[in-house]
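Asker: Top line first, the protein sequences correspond to chains F and B. For our numbering, add 2 to where a residue sits in the first sequence, where the first one is 1. For our numbering, add 6 to where a residue sits in the second sequence, where the first one is 1.
Honestly, I wouldn't trust all of these hints.
Said to hold, decoys possible - The following label-pair restraints were derived from C-beta to C-beta distances:
(1) B:Trp54 <-> F:Asn133: 54 to 64 Å
(2) F:Arg219 <-> B:Gly129: 50 to 60 Å
(3) B:Val100 <-> F:Gly124: 27 to 37 Å
(4) B:Ala168 <-> F:Asp188: 40 to 50 Å
(5) B:Gly123 <-> F:Gly124: 58 to 68 Å
(6) B:Tyr81 <-> F:Arg129: 31 to 41 Å
(7) B:Gly123 <-> F:His423: 52 to 62 Å
As the list claims (entries may be wrong) - Here are some chain B residues the structure puts well away from chain F; computed CB gaps all over 12 Å:
(8) Asp75
(9) Ser76
(10) Tyr103
Worth flagging that the hints you see were computed from the coordinates, not collected in a lab. Note that the coordinates shown come from a computational prediction; the quantities given were computed from them, not determined experimentally. Glycine residues also receive a C-beta, built at the ideal position from the N, C-alpha and C atoms.
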Amino acid sequence: MASIIVDGKTYDATDGQNLLHACLSAGLDLPYFCWHPAMGSVGACRQCAIVQYQDENDTRGRLTMACMTPVSDGLRISIDASNAVEFRKAVIEWLMLNHPHDCPVCEEGGECHLQDMTVMSGHTFRRYAGNKRTFNNQYLGPFINHEMNRCITCFRCVRFYQDYAGGEDLQAFGSRSRMYFGRATDGVLESEFAGNLVEVCPTGVFTDKPFSASYTRKWDLQSAPSICASCGVGCNILPAERYGRLQRVHNRYHGELNGYFLCDRGRFGADFVNSDERFRQAGEKTDDGSFIALDNEGAITRFAAALDAGDLIGIGSPRASVEANFALRTLVGPDRFCNGMSTAEAQLVDHALGMLRNGPAPAPTLKDVEQADAVLILGEDISNTAPRAALAVRQAARNESLNMAPPAGIPTWQDAGVRGHAQDARSPVFSATPLQTRIDDLATRTLHVPPERIAQLGFHIAAALNPDYPAGAQLNEDHTTFVRDAAAALGAAQRPLIISGTGAANTSVLEAAANVAWALCNTGKAASLMLNVPEANSFGAAMFGTQPSLDDALDMLERGVARTVVILENDLFRRVDRARLESALRQSNTVIALDSLQNETVDHADLVLPAATFAECEGTYVNYETRAQRFYQVFLPKGDVKPAWRWISDAARSAGRTDLAWDHIDDLIADCARVDAFSGLRAAGTQAGFRGSANIRIARQPHRYSGRTAMDAAVSVHEPMAPSDEESPFAYSMEGANQTAPAALMSYTWSPGWNSNQAVMKYQQEIGGHLRGGDPGVRLIERGTTLPDMMRFSPPTADTPTREGLQPLAVFEVFGSDELSSEAAAVQQRIPDAYVILNPEDAATLGVEVGAGVRDPAGSARFAVRIDPDVQPGYVYYGSGLPGGWTNTPTAAVTLERDPEYQPPSPDHNLIMRG
Amino acid sequence: MSEVVNVQLISALSKAETAAIEAEIAHLPNRESAAISALRIVQERRGWISDESLHAIAHLLGMSAHALDSIATFYNLIYRRPVGRHVLMLCDSVSCYVMGYAGIREALIEKLGIHEGETTADGRFTYLPNVCLGACDRAPVLMIDEDLIGNVAPEGLDEVLARYE
């Protein structure tokens, strides 16, 4: 720790950090553009000028850039010195020369860093009266608008897109006043992190296109802390609402998880909440197969009557909250509750959970991932299944460059210097996956082999690290080199990280990954083990146990042991064989489906009940690191939509049950916390009884929230009563204890003078560190409770037997493989047509070529053909969950045939409309 | 899809161009480092860098066309639009300015019928501004193709231009 003296006052600062970071951490206001807390300093914009003094006798000092000057103990500077103030004012006047006067029609207005900095720097009148330079804008795809005239040339966009996220198609063109940031030609921005440009750009060059189409100013948006529902990472998000519509998602800072950035599946996928496929009333199926609407009372009565009939079974869901799953489990009893995953997936997820529970290697936070100094990826394409984690691995690969900088006299925050000095030097990343991934470019070595071989590689690496671990079958020479090099890199690292997951659908892959991590732990390394899971609450659902399995549940229905089935937020057609499921549902007397969107399971139900989405209720998801995180209601849903647990509780009460008579979600959580695995559940969020300063709740609405009386004027001129909310610490109000509440409860980011998302610094303990009052959530398993130093798995004894037909293996798409985000209108424009990938030999045998189509003669699935020599002969890789393809994972070998009716899509079929 | 496109585009470079670029790459630590040389080699033969050339060069260097275009557009002597048979650059920096730049510019615009950045209708001249040609002792200076011409005066312009058909 060092002390610095700013305008005569002494502040603590971290020695060696830059002065801009130090001043902002101290709570001082100093304007900046090109610096970003996650991307460091480049000293380009000259906006953070200060005066630095030699010693206490120096009264003149000299101008310097705070972001490029290291902190040293006793350093004297001034932010308020008149020459610094004048300099900053001049800089912003230059930056503003060409900036248009279009704030009233700009999406950034009201949350614009450029507006804030202009005001902060005191440039209040424009003197320049000449022409401004103008540009043509580009079509950049369904997510991002482009308005280049607003650019102030801070270079943040390309520094994020290229340097931080590894994208290549966003570049800086030209020079001087004609700098242009865009693509060489119009087209969809390729990176799945492009949406972050909306928040990274300090002004309105890159804006959120779907949000723009139904725009609301930031100060008119209503919001509450939430958790992304689109994968198992559990990024913290701020969904925002107006007019009963989820308008947009912004990043919500979390010091240990997502930091400042989200992926585009999360940012643009939450729009499924507004989908036309939503149903908002309960319905009962009539004899002709159509649904008639039931009102709330009628639906509860009908549900209760089905409960009275007995012989219940409940099927939960890895995309429903812990609370909803617990309510259903309580309703049907633990022996008749299935966690809703396919039997195979449930076993994999449970196995992964067991590894974290019983093994010595803890799950890493994403901050830990970023700090890993050697990474081994086994079988999981995290660039498609957990994109935000892939972005963290990209930072981990930079650690070598951060190690090289200090000996060369370069501070690690001096971004251009660090990158220039390191050139292509990277920390070791070894990756073995079925196909090429979008982080292969940063890997030291990659192999593209099927899961069985990936497992063998893992077992060998563990054996190479620690001879107590069994190696298994012999490898070829190339693979032996991979094993040797990977083991050497992991063995030399201080913080090695092993990444795997359920994506390869292979138990041995998981076990091999665990062996490597544990072999490292047993030699004294602080190794961590990231096991990715498919959905937002996969681990949460798995913690309720795996018995009965989904197959058992269907058996019970087929055998008549169970006659009434309650299906919670789960489209079972994505999980089990169609014929089997249809038969089981036919055997049931009553099928009750609680869900938010229309799907095939809902179509097969006798009673459907409209369930609230994550944005419309409270609940908890458990992420890949077993972090339980609470999401809160952002807005009241229209119609009879209720949280699933509430439907269950209401019906149980109506049927005379008292054990589910929860008045309040906190009562349910208290009950759920009695289940061993969930003893930490209460700490996952904040109870509804929380009151901030002045004994008031936290406001969902900013203090400038306008139009409450006018918003619904087309319907009624009477201002509606503000909804009361007893379920959460938040109020449907502009008045709240927002500024003093723990930062985990921030419903929007704002601080005096800081209207943009940059205000988040005021919620942090230190810039880029933990949130004030702690980062949200609680890890239900902090570290394996037992340390069985001999714990290890054995390699499979034999290769998988050869089968007739082709062995199917799911591969994943960031846009299209996840169920709910695929219902978002903008995401749908990015979903590829269903495809299979074949080895050239198998393609030749089938008589198909690239651009041809194949179909599954056993069903209606049709696919475009792709060919890749990385696919092993005898396998067919297919894009998981894509419309038109297989809805569920085929469990046995498949046969395919050429599809004579296949029409290849037009080359730009993803381009529906130019913006 | 992109594979097919690239195969067509790579054929846009001649054998001689490819060989010259590969010769440059041989001296460098990685292929991308030859970007500027490759652009120069192709421009010497074709006069400018078309989108087709850009993609072909990017493919040959193993980099994205977006990144190569970022480099190409940074340099004012890499032309991303067609230029005339002769490129005329008139220095507008301090020494030339003092020594009569304005009169020469006026005469040029009148004689050629074009402004800065434009090409004559017959494709003979492209006129570009330039910030320094490094010959202040003989200001005002202009450059046509590879020829540096000093002590230019409006009345001598006809004779100078006549040398370039």
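Asker: Determine which of the earlier numbered hints do not hold for this structure and return their numbers in increasing order.
Answerer: 1, 5, 7, 8 and 9
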